[in-house]
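S.K.: Starting from the given sequences, assemble the full structure and let the hints guide the process.
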Amino acid sequence: MAAKKTATKTPAAKAPVKKAASKTTATAAPAKKTPAKKTGPGKLAVREDESPWTAKELKEVRVELESEIERLTAEVTAAETDLSEFLKEPIDGAGDDQADAGAKSFEREHESTLVAGARAGLEQNVRALARLEDGTYGTCESCGNPIGKLRLQAYPRATLCMTCKSQQERR
Numbered sequence: 001m002a003a004k005k006t007a008t009k010t011p012a013a014k015a016p017v018k019k020a021a022s023k024t025t026a027t028a029a030p031a032k033k034t035p036a037k038k039t040g041p042g043k044l045a046v047r048e049d050e051s052p053w054t055a056k057e058l059k060e061v062r063v064e065l066e067s068e069i070e071r072l073t074a075e076v077t078a079a080e081t082d083l084s085e086f087l088k089e090p091i092d093g094a095g096d097d098q099a100d101a102g103a104k105s106f107e108r109e110h111e112s113t114l115v116a117g118a119r120a121g122l123e124q125n126v127r128a129l130a131r132l133e134d135g136t137y138g139t140c141e142s143c144g145n146p147i148g149k150l151r152l153q154a155y156p157r158a159t160l161c162m163t164c165k166s167q168q169e170r171r
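full-length UniProt numbering numbers the first residue of the sequence shown as 1 and each following residue consecutively.
Treat the hints with care, since some could be wrong.
With a cut-off of at most 30 Å between alpha-carbon atoms, the simulated DSSO-like pairs for lysine-lysine come out as follows [unchecked claim]: (1) LYS56 with LYS43; (2) LYS59 with LYS43; (3) LYS56 with LYS149; (4) LYS165 with LYS59.
Here are the in silico distance ranges between beta carbons for each label pair [stated by the list, open to error]: (5) ALA101 with GLU57: 49 to 57 Å; (6) ALA78 with GLU57: 30 to 38 Å; (7) GLU109 with GLN167: 27 to 35 Å; (8) ALA120 with LEU87: 15 to 23 Å; (9) MET162 with ALA120: 19 to 27 Å; (10) ALA116 with GLU50: 31 to 39 Å; (11) ASP100 with SER51: 54 to 62 Å.
Hints were generated in silico from the structure; no laboratory data involved. A quick note: this is a predicted structure, and the numbers were derived from the prediction, not measured. Just so you know, even glycine gets a beta-carbon here, dropped at the ideal spot from N, CA and C.
M.R.: Next comes the structure, spelled out in structure tokens:
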């Protein structure tokens, strides 16, 4: 008689455990900025229905930007001094009631907001002055089209044309 072979059973291989699906939200890619076209002084971008920049107009814009930079520099310095005074005071307000502690907290936040706003304005004016000097002033940073002379005379630190600014504000 032939010997019987017995089959040995091996446990079945298990499938690897999968990670649970996680939810993700789609984010819109940031708009790509078109590099501004550099032009020589006096040849700054203007819309077709506008006259070119004159030396007098450019000087007025430069003077306005420089005076605004000077004013904002002083404002930032003063606001930072005020903020540092608030930060030196103890936060817990030992001996103060809750309303006093809340008022101090509000004042700190208010001063911090003022400093941030003044810094942002200062940076915008410095950037506008640099664009004026390098020949890119008046060109939209988003689409590369002219911003518009009248818009720049009203708001010298503008970096976007009206179309791009409207689109930005709708987001």
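S.K.: Against each hint, give a clear statement of whether it holds in the structure.
M.R.: Each hint, compared with the structure:
1. Of the pairs offered as hints, the one joining LYS56 and LYS43 holds, with about 14 Å between alpha carbons and a cut-off of 30 Å not exceeded.
2. This hinted pair checks out: LYS59 and LYS43 have alpha carbons roughly 14 Å apart, not beyond 30 Å.
3. A C-alpha spacing of about 13 Å is found between LYS56 and LYS149, which places the hinted pair at or below 30 Å, so the restraint holds.
4. A threshold of 30 Å between alpha carbons decides the hint, and for LYS165 with LYS59 the separation of about 26 Å falls inside it, so the pair holds.
5. Taken as a hint, the range 49 to 57 Å holds for the pair ALA101 and GLU57, whose Cβ atoms sit roughly 53 Å apart.
6. One distance hint, 30 to 38 Å for the beta-carbon pair ALA78 and GLU57, holds here, with the actual separation near 32 Å.
7. In this structure, GLU109 and GLN167 meet the distance hint of 27 to 35 Å, their C-beta atoms being roughly 31 Å apart.
8. For the hinted restraint 15 to 23 Å between ALA120 and LEU87, the CB-CB distance of approximately 20 Å keeps it satisfied.
9. Between MET162 and ALA120, the C-beta spacing of about 21 Å keeps the proposed range 19 to 27 Å intact.
10. For the pair ALA116 and GLU50, the beta carbons lie near 35 Å from each other, so the given range of 31 to 39 Å is met.
11. As the Cβ distance of ASP100 to SER51 is approximately 59 Å, the hint placing it in 54 to 62 Å holds.
The structure agrees with every numbered hint stated previously.
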